Each structure stands twice: as structure tokens, then as C-alpha cells.
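Here are the chains, one letter per residue:
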Amino acid sequence: NAGVMQNPRHLVRRRGQEARLRCSPMKGHSHVYWYRQLPEEGLKFMVYLQKENIIDESGMPKERFSAEFPKEGPSILRIQQVVRGDSAAYFCASSDSRNQPQHFGDGTRLSIL
Amino acid sequence: DQQVKQNSPSLSVQEGRISILNCDYTNSMFDYFLWYKKYPAEGPTFLISISSIKDKNEDGRFTVFLNKSAKHLSLHIVPSQPGDSAVYFCAASERLGAQKLVFGQGTRLTINP
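Protein chains in written order, with this note's numbering: chain A, 765 to 877; chain B, 517 to 629.
So the derived list for chain B, only partly shown, Cβ under 7 Å to chain A, looks like this:
{"hint": "1", "residue": "S565"}
{"hint": "2", "residue": "K616"}
{"hint": "3", "residue": "G620"}
{"hint": "4", "residue": "Q621"}
No farther apart than 27 Å at their CA atoms in a straight line, the calculated lysine-lysine pairs in the DSS-like style are these:
{"hint": "5", "chain 1": "A", "residue 1": "K835", "chain 2": "A", "residue 2": "K808"}
{"hint": "6", "chain 1": "B", "residue 1": "K554", "chain 2": "B", "residue 2": "K584"}
{"hint": "7", "chain 1": "B", "residue 1": "K587", "chain 2": "B", "residue 2": "K554"}
{"hint": "8", "chain 1": "B", "residue 1": "K521", "chain 2": "B", "residue 2": "K584"}
{"hint": "9", "chain 1": "A", "residue 1": "K808", "chain 2": "B", "residue 2": "K554"}
{"hint": "10", "chain 1": "A", "residue 1": "K835", "chain 2": "A", "residue 2": "K815"}
{"hint": "11", "chain 1": "A", "residue 1": "K808", "chain 2": "B", "residue 2": "K584"}
{"hint": "12", "chain 1": "A", "residue 1": "K808", "chain 2": "B", "residue 2": "K521"}
{"hint": "13", "chain 1": "B", "residue 1": "K587", "chain 2": "B", "residue 2": "K521"}
{"hint": "14", "chain 1": "B", "residue 1": "K554", "chain 2": "A", "residue 2": "K791"}
{"hint": "15", "chain 1": "A", "residue 1": "K808", "chain 2": "B", "residue 2": "K587"}
{"hint": "16", "chain 1": "A", "residue 1": "K815", "chain 2": "A", "residue 2": "K826"}
{"hint": "17", "chain 1": "B", "residue 1": "K584", "chain 2": "B", "residue 2": "K572"}
{"hint": "18", "chain 1": "B", "residue 1": "K554", "chain 2": "B", "residue 2": "K572"}
{"hint": "19", "chain 1": "A", "residue 1": "K826", "chain 2": "A", "residue 2": "K808"}
It is worth saying that the hints were derived from the structure and are not from the lab. Predicted model, so just to flag it, every value in this text is computed and none were measured. For each residue, glycine too, the CB sits at the ideal point set by N, CA and C.
Could you put the whole structure together from the sequences, leaning on the hints where they help?
Here is the structure:
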């Protein structure tokens, strides 16, 4: 009974490169959420997706960040032209409906050189 | 604009005693509250939740209390065990609209033998 799977666990990129973070939700879950955690802070909401639809992207930076959750395959959080300030832990969560608790993956730790 | 606040960054409790973690919120639209526990290098693990129609919810050693008039909730853990040492996050969401969670900054709980 696999939980939320995120990969890679650690990702190192140089400034200006692209970062792709993947999230496979728990089996049967069709709601996916992405959060970012900076050091010593709580998690901050970025985006909420259902299959093929972005429902709420109010926490996404306006530029360089995008997310998708295709009909087949994992959800992808894409960061273009990364900068040092993008260094953080990125967590994905899933739920089977809007009124059920979100279950989190173990995150991707992104480091920008 | 910190809508969910955990004012104690850390708490130390003797094994076997009660641990009480506190959380305050400012947004009166919040009506669903959750507590998560997080170990280093892992994702948050869901512990317990409460909806605003209740003032108490209990699950084993964990009890969450909600005081809507004071916009305050607390998590009680009794008896505390060494494995409870972790960072605890409280989170809140609005019933209407997207189900994004707003997190507090976390409280690091240490259980001493």
C-alpha cells in the first residue's frame, strides 16, 4: 500500500538550469497539492491540481514555476531558470476528496549552486 | 501575514506526562483543522483533525480541542512517549474554495526519558 512517492529525494542544480520534481499520489487519490518549506519555516501552499486541471495556483510564483497533473503519469512541478532562492524542500500531498486529510510524500530537497 | 501561529518554537516534556501543543489562527473562514507530525528528512504525517462543528476529537493518545471563539486549538498527547519527539505542525483550511492548507511554523517537541 504505497504512500505518496516523490522523486528525486535530492536534486542539485546550477543557477539558470531547470528543475523537475515528480509526485505519484497514493493509489486512488485524484487530488494533488504542492507545498514548499524554507528552512525553519512551515509549509507554504503552492498549487492544487486534479487530473488534467489546475484548481488553485494562488501560491505559485508568477514566473518560472509551473505544475501539471496529466491523465497518465505523475504530477510534475517544473522550475525554470532556477535561482538560489528556490533552494527549499518541496512536498507533494494527495487526498481522495476535498474533504479528506492530505497525505504527504517525503519531499524533494532542491539545492541551487 | 501569518494566519496560523504556533507561538512556542519548542517544548520539552517528561516521558509519561502530558504534552500540550498550542495553535492560534486569525482567519474566521477556517473551519477544518489538522495536526501533523514531522521527523527530519521525512514528510509530515497526519495525526488528527477536527471540523468546526466539534470542540473535541480524540484518537488514542491524541486529543485535539477547538475553541472557536478564541480562535485557538490545542493538541494533547498523553502519556507522552520518546517516539513522540518530532516537530508538530498545525494546519487549517476553509471549507469553501480550494483545499489548500495553511500551516503554522511548527513546535519541536522533545520527550525526555
